[in-house]
Amino acid sequence: MAVLQLRDVSKSYGQGSRRVDAVRDVSLDVDHGEVVALEGPSGSGKTTLLALAGALLSPTSGEIFLDGDNVTRYGARARTRYRRDRVGFVFQGSNMVPFLTARENLLVVGSFGGSDRSAIRHRADELLEQLDLGAVRDQIATRLSGGERQRVAIARALMRDPSLLLVDEPTASLNFELGTRVVDALLSEVHRRQKACIMVTHDDRMARLSDRIVEIRDGRILSERPLS
Amino acid sequence: MLALIEIRRRKLQFGFVTGVVGLIAYLIIMVTGLGLGLNEAAGSALLDLNGDYLAYASNSNLSVIRSKLTERDVAEVQSLSGAEEATPIGYVAAVIEFAPEESDSAAIIGVVPGSFAEPEIVEGSTIGGPNDILVDRAWVRVAGTRVGDELALPVGFATRQFTVVGIVDQGYFFFQSTMYVDISSWKELNFPGDVGQRPAASLVLLSGNDLEGMRGEGWRIVTKQDGFNNIEGVQGQQSTVDALRYMGLLIGAMVIGVFFHVITLQKVALLGILKAIGAPGSYLVFQGLLQVLIICVIGSLLAVGLALLTEATVLSSDTIPINFTNSAMTTTSISVVIAGTIGSLLAARQVASVDPIIAMQQQ
Ligand SMILES: Nc1ncnc2c1ncn2[C@@H]1O[C@H](COP(=O)(O)OP(=O)(O)O)[C@@H](O)[C@H]1O
Ligand SMILES: [Mg+2]
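In the order they appear, the protein sequences are chains L and P. The opening residue of the first sequence carries number 1 in our numbering; numbering runs sequentially from there. The opening residue of the second sequence carries number 229 in our numbering; numbering runs sequentially from there.
Isolated chain P, as found in the complex:
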């Protein structure tokens, strides 16, 4: 009874702290969303691949850019007994002009047509020949490319014409939208020079069991997730985002802690009177925690509302790599409630330790 009426009658104070908690929660949701968005931009196309494992060149330090596998490496990996399926994949970055004076870079992925590495088509058809190319929706949004359009990809100092035959929805790799070509075409794009020296693939994508950690002379196998985590920048990005989130939660806990510390100090005399007339300490502590809970829950709802609003307005343009998920909002809300409760423990102890004798001592 006390908790709710107090909030109702002291709207300004409680409204203010709820607003601050809400803004902090909103910030945490934004940062979480930014983390997810950046991760997606870093390599959703890699994570979305159908297989479970990736074979890298031994000397590549798990860098897709540096990984170059020979025909022999690919054949060895493909003949592993634990591998149910194995198919080579190539990667190269290319800058493509999509309109006069307008260009953007794309991640060109070479796949074996018909293999399980070939992405699902959302529009058009699959790769049917060496001059066919699939482009991602992310590219379509920027360049306006449609099925049937021609794209000129650089080969050395010249270019080679490809025909867009299909649209896919694989997202990004290395912060570039993805495109898929026949792996034989990829070899030419990647190594325009000496035909005899061309590597066979960047990676081999595998599905199967217990392949993690296997290695040969020129290759080693890791899980797809490990491969993703080793994409340049992902780890630093992740720890920065995590640090910001924990910082946000810490600030939230402190705001609630200080607020309740102060309003408890203001109420020491009152708490003494209530205890003197028979209020159990546990009842008063519970009333305080109820207030913390109400502030955190309303603050979180406020934050989720703001986040949804942001998504519908500012972020609908799609160029900002922020990705709100329900789980990020739920996790943030729960974390804010927990942080608030922890922050208010000091105040709870203050409430519990008020001696009812003070009710008789004040003049």
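With the rest of the complex left out, here is chain L:
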């Protein structure tokens, strides 16, 4: 069974004449150890789709399952816990708590409850090593370079050992070389840890590094092409 299953998911904003159908009847499965690149022009519904999978939005219709659990049935508290424990986010813009160090930015997810402190510390140190951030672990977030920041964001997303990673334009602010490094790091972590991952990008060079490209236009899936 796929880790993430979207079943005929639609989302519209607003009502009446101002209604926008941002996502229309999307069905999509993402498997263990699979990175799906979501590609499409601006306004095609990529961010909305991620927000739906991450329970930041509720679909207007359709159902979303993670590890077989129907996420669409969750109430507010269960959704907060779902985002904390079962999903890892890497956002497009700023991700960091600016006044915390790289390491503290990882530890902060441990203060939201439901975790063991020493386990959190251990995991933070492990992830900092694996993502090649050992040298900057005690740097304040604002002093990190763009590439370092995105890798810290990936490390933070992995802190609670989630089943699903949702990554929105992780290379938007990076040059090609740095972007490739960040995407490589993401891919190797996803493959090693057997996570499911959706990565939004409109850079085709980045998309081609993934396992499968899903093209989206006007809220609908246009095509899917497996790579490798």
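Take the hints with a grain of salt, since some may be wrong.
Which stretches of chain P does chain L cover? Using the computed rule of at least three CB atoms under 8 Å from a CB of chain L, they are [what the hints assert, rightly or not]:
hint, stretch
1, 490-503
2, 549-556
3, 575-589
Residues from chain P that keep clear of chain L, each with C-beta distances beyond 10 Å, as calculated [what the hints assert, rightly or not]:
hint, residue
4, D280
5, E445
6, P508
7, L518
Quick caveat, the hints were computed from the structure, so don't treat them as lab data. C-beta: ideal position from N, C-alpha, C; glycine also.
Model the placement of chain P with the ligands on the given structure of chain L, informed by the hints.
Frame of chain L, contents of chain P with the ligands only:
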């Protein structure tokens, strides 16, 4: 974790607002102390009297200055069944020269020697005769008078010599330091003229039960506290001081409110990200309140420190009627914490209402 680290890493901002809160708290402590000091100057000697009730002349409007009781009034009050003890007291203000060209006014209180109205002696002896006088420490500090000294009190256009036999610690009455004489001497000081027309007392001091509100033809009884509250100026003074304190607390609440409102606005995007990655709203609100609490507590400690410093330096000269008490400092500190918390409620609501979806919407 977030709250404390943020304060540590943004010392300038948090230090500044803590300093402002501290100064406001200091101001409130000063004003409270001034209120207490002024009250004490207005009539600590009256409040310190041993009894529970005071009988005033009916037509005096509870003014000690205007209250004049006759022998009959005093006798009536003394024979009341609820009165365990009752003794007449006289009051008159006098300007006394304590050195050439140097004089100050004093509140001369006439008491019956040996009665329970006679104050406790801290040095020397009690009133033994019609020319003996007890002077208060407050007078001693100003005039340097010692036991054995002579004081000339005005009687009409002449003066009468009194010998200081003891020092007392009763404080002030009507913003004047107190002196105590035999009530028979007080009659002469107060009414140097016609002997037959002299009132017997200004007030009668009583101890007993359920005497409040009793009245006769020429007298009425109120509690000692009521008597104090009716001293000219006390009430106005009290409400001014209270208004200043509430104003201070209001300003404190607003400073904290605005500060947290602004830093919350600055952090909306960050709060969205934290909520998106699973921080419960209650956790974030709690972190904010923790910061408010830390600012208020450190601010209050700062204020208490400043107040103690002021007391030890500026106020040690004793001419400024400011009186710091532990309870004023504690009450102020607690009030500042409460005012700060109330002031930050708006920010708390802002924090609670941030929608985590904004984490995905910022480019
Ligand atoms: N909160 C919103 N209210 C109304 N319309 C929205 C909102 N968010 C997104 N949209 C609209 O939905 C469509 C899809 O947006 P989005 O998911 O952000 O696309 P993408 O990430 O591919 O650029 C766009 O037409 C956008 O204008
Ligand atoms: Mg987008």
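Checked hints:
Here's how the stretch 490-503 of chain P fares: 5 of its residues keep a CB closer than 8 Å to some CB of chain L, so the rule of at least three is met and the hint holds. With 0 residues having a Cβ less than 8 Å from any Cβ of chain L, the stretch 549-556 of chain P misses the three-residue criterion, and the hint is violated. With 5 residues bearing a CB less than 8 Å from a CB of chain L, the stretch 575-589 of chain P meets the requirement of three and the coverage assertion stands. Residue-level check passed: D280 of chain P sits 59 Å from the nearest beta carbon of chain L, beyond 10 Å.
Distance check on E445 of chain P: its Cβ is at least 76 Å (rounded) from any Cβ of chain L, clearing the 10 Å threshold; non-interface status holds. The Cβ of P508 of chain P does not lie farther than 10 Å from every Cβ of chain L; its closest approach is about 6 Å, which violates its non-interface assignment. Distance to chain L confirms L518 of chain P as a non-interface residue, since its nearest Cβ pair spans about 12 Å, more than 10 Å.
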